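Between the sequences and the hints, there should be enough to build the whole structure, so can you do that?
Each number in our numbering comes from the position in the sequence shown (counting from 1) with 696 added on.
Take these hints with a grain of salt, some might be off.
[Claimed, not checked] Cross-link-like lysine to aspartate or glutamate pairs, in silico, EDC-like; alpha carbons within 20 Å at most:
{"hint": "1", "residue 1": "K862", "residue 2": "D777"}
{"hint": "2", "residue 1": "K776", "residue 2": "D713"}
{"hint": "3", "residue 1": "K821", "residue 2": "D780"}
{"hint": "4", "residue 1": "K792", "residue 2": "D780"}
{"hint": "5", "residue 1": "K865", "residue 2": "D777"}
{"hint": "6", "residue 1": "K776", "residue 2": "D855"}
{"hint": "7", "residue 1": "K723", "residue 2": "D754"}
{"hint": "8", "residue 1": "K746", "residue 2": "E732"}
{"hint": "9", "residue 1": "K862", "residue 2": "D765"}
{"hint": "10", "residue 1": "K747", "residue 2": "E810"}
{"hint": "11", "residue 1": "K785", "residue 2": "E739"}
{"hint": "12", "residue 1": "K862", "residue 2": "D779"}
{"hint": "13", "residue 1": "K841", "residue 2": "D755"}
{"hint": "14", "residue 1": "K740", "residue 2": "D754"}
{"hint": "15", "residue 1": "K740", "residue 2": "D824"}
{"hint": "16", "residue 1": "K723", "residue 2": "D713"}
{"hint": "17", "residue 1": "K865", "residue 2": "E790"}
{"hint": "18", "residue 1": "K862", "residue 2": "D778"}
{"hint": "19", "residue 1": "K764", "residue 2": "E736"}
{"hint": "20", "residue 1": "K776", "residue 2": "D755"}
{"hint": "21", "residue 1": "K764", "residue 2": "D824"}
{"hint": "22", "residue 1": "K792", "residue 2": "E810"}
{"hint": "23", "residue 1": "K841", "residue 2": "D765"}
{"hint": "24", "residue 1": "K841", "residue 2": "E739"}
{"hint": "25", "residue 1": "K821", "residue 2": "D778"}
{"hint": "26", "residue 1": "K785", "residue 2": "E742"}
{"hint": "27", "residue 1": "K865", "residue 2": "E742"}
{"hint": "28", "residue 1": "K776", "residue 2": "E810"}
{"hint": "29", "residue 1": "K733", "residue 2": "D765"}
{"hint": "30", "residue 1": "K723", "residue 2": "D855"}
{"hint": "31", "residue 1": "K746", "residue 2": "E790"}
{"hint": "32", "residue 1": "K865", "residue 2": "D855"}
[Unchecked claim] Here are the in silico distance ranges between beta carbons for each label pair:
{"hint": "33", "residue 1": "D777", "residue 2": "K881", "range": "14 to 22 Å"}
{"hint": "34", "residue 1": "L705", "residue 2": "D777", "range": "37 to 45 Å"}
{"hint": "35", "residue 1": "K733", "residue 2": "Q813", "range": "37 to 45 Å"}
{"hint": "36", "residue 1": "Y752", "residue 2": "S877", "range": "36 to 44 Å"}
{"hint": "37", "residue 1": "K881", "residue 2": "N698", "range": "31 to 39 Å"}
{"hint": "38", "residue 1": "K881", "residue 2": "L705", "range": "49 to 57 Å"}
Hints are computed from structural coordinates only; laboratory data are not their basis. What you are looking at is a predicted structure, and each value in this text was computed from that prediction instead of being measured. Quick reminder that beta carbons are idealized off the backbone N, C-alpha and C, glycines included.
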Amino acid sequence: YNVSLLYDLENLPKDYDDIVEKASLLKRNCFASVFEKYFEFQEKGESGHKKAVIHYRDDETLYVDAQKDRVTVIFSTIFKDDDDIVIGKLFMQEFKEGRRNYQQAPQVLFSHREPPQELQNTDAKTGDNIGYITFVLFPRHTSVKQRDNTINLIHTLRDYLHYHIKCSKAYIHSRMRAKTSAFLKVLNRARP
Numbered sequence: 697y698n699v700s701l702l703y704d705l706e707n708l709p710k711d712y713d714d715i716v717e718k719a720s721l722l723k724r725n726c727f728a729s730v731f732e733k734y735f736e737f738q739e740k741g742e743s744g745h746k747k748a749v750i751h752y753r754d755d756e757t758l759y760v761d762a763q764k765d766r767v768t769v770i771f772s773t774i775f776k777d778d779d780d781i782v783i784g785k786l787f788m789q790e791f792k793e794g795r796r797n798y799q800q801a802p803q804v805l806f807s808h809r810e811p812p813q814e815l816q817n818t819d820a821k822t823g824d825n826i827g828y829i830t831f832v833l834f835p836r837h838t839s840v841k842q843r844d845n846t847i848n849l850i851h852t853l854r855d856y857l858h859y860h861i862k863c864s865k866a867y868i869h870s871r872m873r874a875k876t877s878a879f880l881k882v883l884n885r886a887r888p
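Laid out in structure tokens, this is it:
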């Protein structure tokens, strides 16, 4: 979807902070409506509802499903190349390690190529460059008190992951250039 916000800049209210905040939270609030619905299903102990399927980017999809004891959120994401896949796997492994140290964190699972079991018999895409990130959210994550924080963190995960992949690649590239430069200096000094 494409959304445009139109503001009359000649007639802005003096206290325009509220308008700016609402505009900045547009994407978050669109995601929140789905999450809140499924968090309420879980809170009421309802299960068996149809999975929410949101195509939030070209070829990338978000799945949300509520059970009596948990809400499962699954993101599919496209990796541009093999390096992204490797760095993405390492990054997701760190999420798993983090849960071991902090028991309040949600369970995080990552699968590459094949969709998780929850998405069997769906139109979930498969391929060498597709990864699936699964969060299992328990009542402590979906309670009314924690709901907003959970939504804020979950809806930005895809961007967070790809940002860190880009930063990691840039860091590795700069280190490789520095090493190459150092080796060239050594070789130049060794010339007769």
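Going down the list of hints, with the structure as the test:
Among the hinted pairs, K862 with D777 is consistent with the structure: their alpha-carbon atoms are about 12 Å apart, no more than 20 Å. Distance check on the hinted pair: K776 and D713 sit about 38 Å apart at the alpha-carbon level, beyond 20 Å; violated. With a C-alpha separation of about 18 Å, the suggested pair K821 and D780 falls inside the 20 Å cut-off, and the hint holds. Straight-line distance between C-alpha atoms of K792 and D780 comes to about 18 Å, which keeps the hinted pair within the 20 Å bound.
For the suggested pair K865 and D777, the alpha carbons sit about 11 Å apart, so the restraint of at most 20 Å is met. This hinted pair checks out: K776 and D855 have alpha carbons roughly 14 Å apart, not beyond 20 Å. Annotation: proposed proximity of K723 to D754 holds, straight-line Cα distance about 16 Å (limit 20 Å). For the hint linking K746 to E732, the alpha-carbon distance of about 15 Å falls within 20 Å, and the restraint holds.
Taking the CA atoms of K862 and D765, the gap is near 36 Å; set against the 20 Å cutoff, the hint is violated. The suggested pairing of K747 with E810 holds, with an alpha-carbon distance near 19 Å, which does not exceed 20 Å. The straight-line distance between the Cα atoms of K785 and E739 is roughly 32 Å, outside the 20 Å bound, and the hint therefore fails. At roughly 10 Å between alpha-carbon atoms, K862 and D779 fall within 20 Å of each other, so this suggested pair holds.
Note on K841 and D755: the hinted pairing is violated, with a Cα-Cα distance of about 33 Å set against a maximum of 20 Å. Using a Cα cut-off of 20 Å, the hinted pair K740 and D754 is violated, with the two alpha carbons roughly 34 Å apart. Of the pairs offered as hints, the one joining K740 and D824 is violated, with about 39 Å between alpha carbons and a cut-off of 20 Å exceeded. A hinted pair counts as satisfied when its Cα atoms are at most 20 Å apart, and K723 with D713 qualifies at roughly 18 Å.
As the CA atoms of K865 and E790 are separated by approximately 17 Å, the hinted pair is consistent with the 20 Å bound. A hinted pair counts as satisfied when its Cα atoms are at most 20 Å apart, and K862 with D778 qualifies at roughly 13 Å. Between K764 and E736, the direct Cα distance comes to roughly 10 Å. Compliance with the 20 Å bound is thereby established for this hinted pair. Our distance criterion of 20 Å between C-alpha atoms is met by K776 and D755, whose separation comes to about 12 Å.
Distance check on the hinted pair: K764 and D824 sit about 34 Å apart at the alpha-carbon level, beyond 20 Å; violated. With a C-alpha separation of about 19 Å, the suggested pair K792 and E810 falls inside the 20 Å cut-off, and the hint holds. A distance of roughly 17 Å separates the Cα atoms of K841 and D765; the hinted pair therefore holds under the 20 Å criterion. Distance check on the hinted pair: K841 and E739 sit about 13 Å apart at the alpha-carbon level, within 20 Å; holds.
At roughly 18 Å between alpha-carbon atoms, K821 and D778 fall within 20 Å of each other, so this suggested pair holds. A C-alpha spacing of about 34 Å is found between K785 and E742, which places the hinted pair above 20 Å, so the restraint is violated. At roughly 44 Å between alpha-carbon atoms, K865 and E742 are farther apart than 20 Å, so this suggested pair is violated. Taken as a hint, the K776 and E810 pair is honoured in the structure, with Cα atoms around 17 Å apart against an allowance of 20 Å.
Proposed proximity of K733 and D765 is supported: the alpha carbons are some 15 Å apart, at most 20 Å. Pair hint K723 plus D855 holds up; C-alpha atoms about 12 Å apart against a cutoff of 20 Å. As the CA atoms of K746 and E790 are separated by approximately 32 Å, the hinted pair breaks the 20 Å bound. The hinted pair formed by K865 and D855 meets the criterion: a straight-line CA distance of about 15 Å does not exceed 20 Å.
The beta-carbon spacing between D777 and K881, approximately 31 Å, falls outside the hinted interval of 14 to 22 Å. For L705 and D777, the hinted distance range of 37 to 45 Å is satisfied, since their beta carbons lie about 42 Å from each other. At roughly 23 Å, the beta-carbon separation of K733 and Q813 lies outside the given 37 to 45 Å, and the hint is violated. Y752 and S877 have their C-beta atoms about 42 Å apart, which keeps the hinted 36 to 44 Å range intact.
The given range of 31 to 39 Å is broken by K881 and N698, whose C-beta atoms sit roughly 52 Å from each other. Checked against the hint of 49 to 57 Å, the C-beta distance between K881 and L705 comes to roughly 55 Å, which is consistent with it.
Checked against the numbered hints given earlier, this structure breaks hints 2, 9, 11, 13, 14, 15, 21, 26, 27, 31, 33, 35, 37; the rest are met.
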